[in-house]
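Participant: As a plain string of letters, each chain reads:
There are 2 protein chains.
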Amino acid sequence: GITSLLANGVYAAAYPLHDGDYEGENVEFNDRKLLYEEWACYGVFYKYQPIDLVRKYFGEKIGLYFAWLGVYTQMLIPASIVGIIVFLYGCATVDENIPSMEMCDQRQNITMCPLCDKTCSYWKMSSACATARASHLFDNPATVFFSVFMALWGKQGLSGKNIGDDPRFIAEYEARVLEKSLKKESKNKETDKVKLTWRDRFPAYLTNLVSIIFMIAVTFAIVLGVIIYRISMAAALAMNSSPSVRSNIRVTVTATAVIINLVVIILLDEVYGCIARWLTKIEVPKTEKSFEERLIFKAFLLKFVNSYTPIFYVAFFKGRFVGRPGDYVYIFRSFRMEECAPGGCLMELCIQLSIIMLGKQLIQNNLFEIGIPKMKKLIRYLKLKRQSPPDHEECVKRKQRYEVDYNLEPFAGLTPEYMEMIIQFGFVTLFVASFPLAPLFALLNNIIEIRLDAKKFVTELRRPVAVRAKDIGIWYNILRGIGKLAVIINAFVISFTSDFIPRLVYLYMYSKNGTMHGFVNHTLSSFNVSDFQNGTAPNDPLDLGYEVQICRYKDYREPPWSENKYDISKDFWAVLAARLAFVIVFQNLVMFMSDFVDWVIPDIPKDISQQIHKEKVLMVELFMREEQDKQQLLETWMEKERQKEEPPCNHHNPKACPDSLSGPAPSHAYHGGVL
Amino acid sequence: GITSLLANGVYAAAYPLHDGDYEGENVEFNDRKLLYEEWACYGVFYKYQPIDLVRKYFGEKIGLYFAWLGVYTQMLIPASIVGIIVFLYGCATVDENIPSMEMCDQRQNITMCPLCDKTCSYWKMSSACATARASHLFDNPATVFFSVFMALWGKQGLSGKNIGDDPRFIAEYEARVLEKSLKKESKNKETDKVKLTWRDRFPAYLTNLVSIIFMIAVTFAIVLGVIIYRISMAAALAMNSSPSVRSNIRVTVTATAVIINLVVIILLDEVYGCIARWLTKIEVPKTEKSFEERLIFKAFLLKFVNSYTPIFYVAFFKGRFVGRPGDYVYIFRSFRMEECAPGGCLMELCIQLSIIMLGKQLIQNNLFEIGIPKMKKLIRYLKLKRQSPPDHEECVKRKQRYEVDYNLEPFAGLTPEYMEMIIQFGFVTLFVASFPLAPLFALLNNIIEIRLDAKKFVTELRRPVAVRAKDIGIWYNILRGIGKLAVIINAFVISFTSDFIPRLVYLYMYSKNGTMHGFVNHTLSSFNVSDFQNGTAPNDPLDLGYEVQICRYKDYREPPWSENKYDISKDFWAVLAARLAFVIVFQNLVMFMSDFVDWVIPDIPKDISQQIHKEKVLMVELFMREEQDKQQLLETWMEKERQKEEPPCNHHNPKACPDSLSGPAPSHAYHGGVL
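Chains as they are written, first to last, in full-length UniProt numbering: chain A, 1 to 675; chain B, 1 to 675.
No lab work stands behind these hints, which were simulated from the structure alone. It should be emphasised that the depicted structure is a prediction, and the values quoted were computed from it without experimental measurement. Fair warning: there could be bad hints in the mix.
Pairs count within a copy or across copies, as identical chains cannot be separated in the list.
[Said to hold, decoys possible] Okay, derived cross-link-like pairs now, DSS-like style, lysine-lysine, Cα gap no bigger than 30 angstroms in a straight line:
#	residue 1	residue 2
1	K512	K565
2	K377	K512
3	K33	K383
4	K47	K124
5	K118	K385
Bound conformation, chain A alone (with noise of 0.2 angstroms):
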């Protein structure tokens, strides 16, 4: 067949053309033009999209892509709209909040443990009062509400009834399943082939396991690069002599370390998507179903565990080992593990958060998307300049059809397109409790993307190869994997990274008065700073101008006059009870919240079931109707035939008239005819 021509070289390309140029002045009507001018603005941003004609002129399968993200970009809507009033609320409530209050507040001058060994010295809990101010925006109870309302929104939302929000899909679909079943079968067949065989195979699947396996592991060493390159930054800062440097350590090492994270994400996810190509490829799926499927499913391991490992680091692993003053822990034997800011981890994983969900949205979506594309174009014209420099402009003039798109980049497959907005629906949903304008982005990214994806699809690629698809196929399953997997993860994240919980406790075991006075001062534990091990005190104690016998640390320990001094104490088991018991209750609630709402709602399937029954009625009444028509015919036909051997019918023998002489008309003239 053709591919094998192709395969050969004997044509270069195979590809269907273009309705016509989409612009110019004189330029007949034709689809292409239609959706150019519909579709693929920027101008027409909030209007909804012409589906029925992208399905047209693109095929289903894109149809259903540009559908899905359609929805997907709506469903954004309430989310951002939700996001949008808790931040605010977060701002409008940061001047009562009492722990920000107390950790500004100069007069009590609360002394802070060296956040390093030596370099650093004591200082002022004061001296993180921006910090406890911005955190207070994300880590307060609307962000609870809110992340209870995301858990619902990623599990609910996408559960197939928005992706079957056009029903025509499936119903088209099912009625054509009639003429292409028998086909599906052998396919499926096939595919069952495919599976038993897999012993054959193995070696290549050893392969991939052991080539994921160590691009994981490389993922995570970098990770923990970027960590110790944190950690030896802050105390090279730490020396410096300016202040003002010294004041802001952590947000430039924050940010600094964040941003090379970045840079590494966004080129491990070209490598890794290579990779997992090739490791497809040496797998030789048999359909051209599994291989995307195989090929999606590690290419979305590899880049998920890219895109949120330093995430995952900062909101689950950072500060929680620590150990405590005179008893460090340390990685390497030299470098001190990092601290959480007073103000709680929450405000470093919303600065990661932020920085790398959008970097990787300007960076990666759009600057890729529209500078690539355009290079390549440049390129390819370059060259088809220097092959004919002489009769250029006429060759232009005269060119036909299928060599103007030739010059197109050829479609390669929605995989990348759904795999962005999978990572994205990821930032989204998994730590929405830590950065609620995180959907209000997405949202602007999306409205940007559609057009975006539009404009490459109708100027910029040569028109693909009409595919037929009933829906999203993997990546469904993929989007409930992480609808469910975000659940559990907030629960965490608000339970342990936020300091929600240690505040409610606080509230209603410690709170004299039933406010939140004196809260800062409880979670802090004291030190003597003379039982610091030797050689890690800090080399110039008196650099806050007086002398230091106790400093605190952010941690649930007994203090120094205890007679076991520095144990964990019984607040900290209180707490941790309490931040594990939340998470029970989150995760059920939201669980029994899904249920109902599903309960509530009666999902699309039904109407699906309900619309494949509707079909096969029609359908049979159809055939009976002709059915019906033909067999009245028929009859008609055969009485004739009796007639031939009876006697001519008239009243002495009545019994022999046919019942039917006021039959069809047909026959009367025909009976006439015959007499």
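Model the placement of chain B on the given structure of chain A, informed by the hints.
Facilitator: Positioned in the frame of chain A, the structure of chain B alone reads:
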């Protein structure tokens, strides 16, 4: 229609007739007889049921019930095998179980605080030896594994794929839907209308809500009553002089209380059944289906609460709000809350569960199901006899089939059968962690149950009108719900009711030499008897033969000699945190595993859809073929028509010759007739 005639009492009853008698020597062979011999007798309990025949004779719905019952019973086999193994493991390890050994050890005589005020005196730990040893049978590591297993079993087991085990149903259903759909469509519309006009029936809904809440309150009140009975009974027995009585107070009290519970449950079950029916009647649902569903929902809710409330109490509330010596919690100012046995509440939970489950099965299912119908039959028989004493003998001889069947019970629907099984499924899954033998007893019960129901349907009921059914309907959702509930409940039973977590915590946090030695001592707090509130101290403190300064009680509290004595201790919070962590791990582990199983084992739905497609294809092919045949015949006929106007065909003008001279025979005959 017939229904209105029945309503107006024109007819006494309308029912399909049985095929004939099922026993007696001179009976011609018939399906009923066959069913009676091959299906409805205990002799064939090991055989598969002849589901096809059942479906053919009783209709699809009843066939489906028996198919489901069969599948469920089959599934109980592995469950009960594992359960037996777990139980045997418990029996085998009871002697090297250090905690129970320590409790039974006479040498270290631990003096426990009195179990009730005044009348009860101090008692020796070793006197609870039996309980401790017994509780190990169910409270051992194997139980944890078992409850994971059962949680998966419950979640996966009945998730559709086993119901679908008998694909004939689905296939047949799908095929019949084609003819039936139109009616269905209209019915759907009706139900929609019902949904719309819910406002009109608001009072009915209100009545429902109020009375359901009321009945649930009644259930709770009864349980509370039983608790008070238990408390006062214990106090009364404690005053008893004979040591033999006092040694096994706990057993007697628990046993009697449980039996009271059991009786109440069985009685209320009947009452609630009627009430649910009445409530659904006043709701006036529009379709038969919605009536059934509403009834089932209500009945299930009430019976569920009724059956499980006492068990929930023992599992999660008993002994949690006891207070501490010197500061006990009292209800109604006079009854001190009861504590759990030193071996943990799991033992009592096990007793509760086993007695209620077995008692319910034996009394309700079998006695009621065999006894009541037999009695009714007898009564009807006697009544009949009284009506026609003289020529009774020959009247029996001359009896027509419909007369014979009239004496049988009318078919009352499958709801009770299903309900019984669902409640049993609840017993098997919800608290399996505390009673590994539950599946075994369920299995034994069901093996009898199947044949019992079969007998009933074949011999004692009028032949029911065949009803078409796709699946077990709302029952499936209820099963799913119980499956989900089972996961979380088992997690809580293991972590909070059993001593599994405290043991682990002791082993890894406190144990000196990495063994369980000293665990019992660690779980007991000390109380200084001088701190008893006045009037609560035991009357004869010297009951044990020596004077007591310090008595022990099961709780994690500060000792009398610490500065804040009797406060909740650090250990308490540590253990609590561990328990909660376990719940999270357990729940998510099971969820993940069941998703994984889903992913690995492709479930039936796919097969169904393929089935549907296959059928569509076949149908279409069939129609096509028929059409073609007809088309052919028509063409030949049309041809003949044409020939009428045409000149007869000969070799002069061959173009006029119809190609189909070699056509079907009739056309030839006809042709000849014309010439």
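Participant: The structure should be examined with respect to each hint, and the outcome stated for every one.
Facilitator: Going down the list of hints, with the structure as the test:
In this assembly of identical chains, the alpha carbons of K512 and K565 lie at most 30 angstroms apart whether taken from the same copy (25 angstroms) or from different copies (21 angstroms). In this assembly of identical chains, the alpha carbons of K377 and K512 never lie at most 30 angstroms apart, being 71 angstroms within a copy and 74 angstroms across copies at closest. For the identical chains of this complex, K33 and K383 are intra-copy neighbours only, at 27 angstroms inside a copy versus 89 angstroms across copies, given an alpha-carbon limit of 30 angstroms. For a Cα distance limit of 30 angstroms, the shortest separation of K47 from K124 qualifies neither inside one copy, at 55 angstroms, nor across copies, at 81 angstroms.
Proximity of K118 to K385 under the C-alpha cut-off of 30 angstroms is found in neither arrangement, the shortest distances being 66 angstroms within a copy and 108 angstroms between copies.
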